[in-house]
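> Here are the chains, one letter per residue:
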Amino acid sequence: MFPRPIEKSSPARRVGYQAFLPVALLIWLLPLLAIFLTSIRSAVDINSGNVFGWPSQFRMLENYTAVFTQSDAAKYMLNSVLITVPSVAISVTLACLAGYALAIYRFRVALPLFFLFVAGNFIPFQILMVPVRDMSVQSGLYNTIAGQFLFHAAFQTGFCTLFMRNFIKALPFELIESARVEGVKEWRIFVFVVLPLVRPAIAALAVLIFTFVWNDFFWANVLTQGEAVKPITAGVRALNGQFVNNWHLVSAASLMAAVPPVMMFFLMQKHFIAGLTLGAVK
Amino acid sequence: MAVTDTGTQSKQSWLKRNKLTVTPWVFLAPALCFFAIYVVIPIFESLWLSLYEWNGLYDADGNSTAVWVGFDNYVKLWGDPKFWTSLVNNVIWLVMFMLAVPAGLFIALFLNQSVPGMRLYKSLFFFPFVISQVVVGLIFGWFYNPDFGVVGSLWKAVYCEETVNIVGNLTFRCSAPVPDILSSETWATYGIILAGLWPQIAYCMILYLTGLNNVASDQIEAARLDGAKGWKMLWYVVLPQLRPATFIAVVVTVIGALRSFDMVAIMTGGGPGEGSTNVLAYYMYETAISEYGERYGYGSAIATVLFAIMLVYISYFLHRMYQDEKGGH
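Residue numbers (this note's numbering), protein chains in the order written: chain A, 526 to 807; chain B, 265 to 593.
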């Protein structure tokens with residue numbers, strides 16, 4: 526293990542280390558703590574300039590309720606769910622199929638096709654912006670929920686296929702071969718042999734794509750107009766304009782927007798990290 | 265024998281004989297179609313559109329009103345000071361963002377211990393990455409605010425004293441003016457990058473933590489017996505084993521730097537001044553969908569430049585992957 530385990534050092538260093546840990550964490554998360562404290566302050570504190578000290582009153586419940594009653598935050602949150610969930614479902618499904626094809630079958634264009642998915646995943650969004658926006662306007666998908674999740678699903682398919690193909694490639698190929706020898710149909714091999722084995726990969730992709738799509742801001746601006754179908758990220762920005770000088774409410778809304786991905790992360794931590802390392806670092 | 269064989273085979277359907285050739289395409293078709301429509305074809309459309317001038321409108325017959333201008337858009341870009349500012353800022357982003365890699369390694373080394381509660385500490389350190397960049401941008405925008413942000417409050421505590429003015433209101437008299445980072449043409453970009461580094465360091469940290477888990481302990485012990493420790497151990501024994509983690513960390517950091525859009529949009533909107541914090545990604549958006557009418561052609565030209573820069577890294581990444589694939593067989 527590197528660095529040398531702290532248990533092997535002198536007691537003084539060990540105590541020092543354990544005392545320093547929470548301090549380091551506090552410094553690291555200072556911006557977040559500050560905004561949380563702001564979100565539970567009263568308007569009086571904000572106006573009197575007490576934004577860094579201890580709150581004079583705790584208004585957590587009032588502030589968070591105000592965000593929902595005085596703005597469209599609830600609708601934005603719902604929109605985010607309606608955009609994110611289908612994006613995850615579609616991209617992961619398509620990637621299971623494509624990843625299986627690219628990992629198991631040997632055909633000449635398998636590698637070039639795989640690289641196409643990989644490359645597509647790294648391109649800047651701006652190179653897609655004008656054509657995708659124009660296509661959405663032409664097909665009536667502009668400013669709709671479906672228009673947003675269809676794009677996200679297609680784009681995330683690149684990353685999902687990269688991950689899924691590598692995951693399936695690492696499975697023991699003998700399993701598939703022996704099933705073929707037994708005369709099992711190809712689609713049955715996929716459903717009954719491969720799918721149960723890739724469950725961890727599906728979990729990893731689901732949490733990761735959820736976070737990516739939930740946190741998207743660029744496409745929310747490109748593919749929507751007005752308030753009706755905006756997700757929470759774009760909504761928070763709109764609230765920022767609406768709640769000028771009501772920093773306690775903006776803070777509360779921002780933190781609300783962060784809750785679902787944070788929950789996802791804490792619930793599925795192991796899968797989340799496996800996904801982030803692109804399967805390259807195990 | 266061969267003759268009789270073909271006789272029986274022709275009775276089988278073509279589909280059955282070519283099962284292993286056709287099946288992968290059936291599995292691939294949905295993903296491929298979807299990906300082609302939304303990703304592959306639009307790339308080429310953008311490249312093509314960068315040679316036109318177009319406000320995004322169609323005439324009564326449904327034909328696009330785009331006008332062919334050849335390389336005119338690129339000639340204009342060459343003489344556009346805003347473009348150069350954005351490009352220079354992108355370079356600053358790239359260079360500064362690279363700090364996330366060593367910083368992430370440093371935090372990972374600090375956290376790679378097994379004291380009680382370590383798992384929770386690690387996840388809390390990772391926290392900033394999970395939060396949307398919009399929220400990070402808002403948090404830091406407020407953090408930097410000279411009037412009521414954390415930076416402002418700390419500054420006042422050190423350099424200012426409270427006085428009551430003639431009218432009876434509380435004011436501050438400061439020995440040095442409170443810095444307004446996001447309104448300064450010199451510092452705003454660095455302020456945004458610092459905010460962007462926060463989640464990026466967390467990402468690199470998690471990559472290194474996973475990598476450190478897999479460092480071969482026998483090699484470390486052997487090196488220890490040989491008297492290696494500290495920096496030398498890190499440089500000669502640990503880092504070579506962390507190479508896959510470093511590779512991914514560099515790749516995602518480069519992409520993160522070139523994709524920077526959310527933070528700029530939220531924190532400064534490209535300002536202050538003549539787009540002093542603009543980056544190509546934001547300048548492209550601003551140009552293509554601006555209040556003064558849409559300029560799809562010019563925007564596409566900016567996007568093409570950004571794409572070309574990214575292509576260098578994509579090619580390098582694919583090259584590395586190709587080497588791995590060849591090695592794997």
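Hints may contain errors.
Simulated restraints, written as ranges between beta carbons of each label pair [to be verified]:
id, chain 1, residue 1, chain 2, residue 2, range
1, B, 423, A, 535, 19 to 29 Å
2, B, 478, A, 535, 25 to 35 Å
3, A, 618, B, 485, 44 to 54 Å
4, A, 721, B, 383, 46 to 56 Å
5, B, 326, A, 632, 39 to 49 Å
6, A, 594, B, 454, 57 to 67 Å
7, A, 695, B, 538, 34 to 44 Å
8, B, 538, A, 631, 52 to 62 Å
9, B, 580, A, 663, 53 to 63 Å
10, A, 634, B, 345, 20 to 30 Å
11, A, 705, B, 588, 22 to 32 Å
12, A, 600, B, 579, 14 to 24 Å
13, A, 703, B, 388, 43 to 53 Å
By construction, these hints were calculated from the structure, which means they are not laboratory data.
Ideal placement from N, C-alpha and C gives every residue a C-beta, glycine not left out.
> Next step is simple, just say for each hint if it's right about the structure.
We went through each hint and held it up to the structure:
Checked against the given bound of 19 to 29 Å, the beta carbons of residue 423 of chain B and residue 535 of chain A, roughly 41 Å apart, lie outside it. Checked against the given bound of 25 to 35 Å, the beta carbons of residue 478 of chain B and residue 535 of chain A, roughly 29 Å apart, stay inside it. Taking 44 to 54 Å as the suggested C-beta distance range, the pair residue 618 of chain A and residue 485 of chain B conforms, at roughly 46 Å. Taking 46 to 56 Å as the suggested C-beta distance range, the pair residue 721 of chain A and residue 383 of chain B does not conform, at roughly 28 Å.
The hinted range of 39 to 49 Å is satisfied by residue 326 of chain B and residue 632 of chain A, whose Cβ atoms lie roughly 40 Å apart. For the pair residue 594 of chain A and residue 454 of chain B, the supplied restraint of 57 to 67 Å is violated, since their beta-carbon distance comes to about 39 Å. A hinted range of 34 to 44 Å is violated for the C-beta pair residue 695 of chain A and residue 538 of chain B, which are about 52 Å apart. At about 56 Å, the CB distance of residue 538 of chain B to residue 631 of chain A agrees with the hint of 52 to 62 Å.
Range check, residue 580 of chain B to residue 663 of chain A: Cβ separation about 36 Å, and the 53 to 63 Å hint is violated. Taking the beta carbon of each, residue 634 of chain A and residue 345 of chain B are about 45 Å apart, not inside 20 to 30 Å as hinted. Distance hint check for residue 705 of chain A and residue 588 of chain B: the Cβ-Cβ separation is about 27 Å, which falls inside the suggested range of 22 to 32 Å. Roughly 43 Å separates the CB atoms of residue 600 of chain A and residue 579 of chain B, a value that falls outside the hinted 14 to 24 Å.
The supplied range of 43 to 53 Å is met by residue 703 of chain A and residue 388 of chain B, whose beta-carbon atoms lie about 46 Å from each other.
The structure fails hints 1, 4, 6, 7, 9, 10, 12 (numbered hints given earlier, in ascending order).
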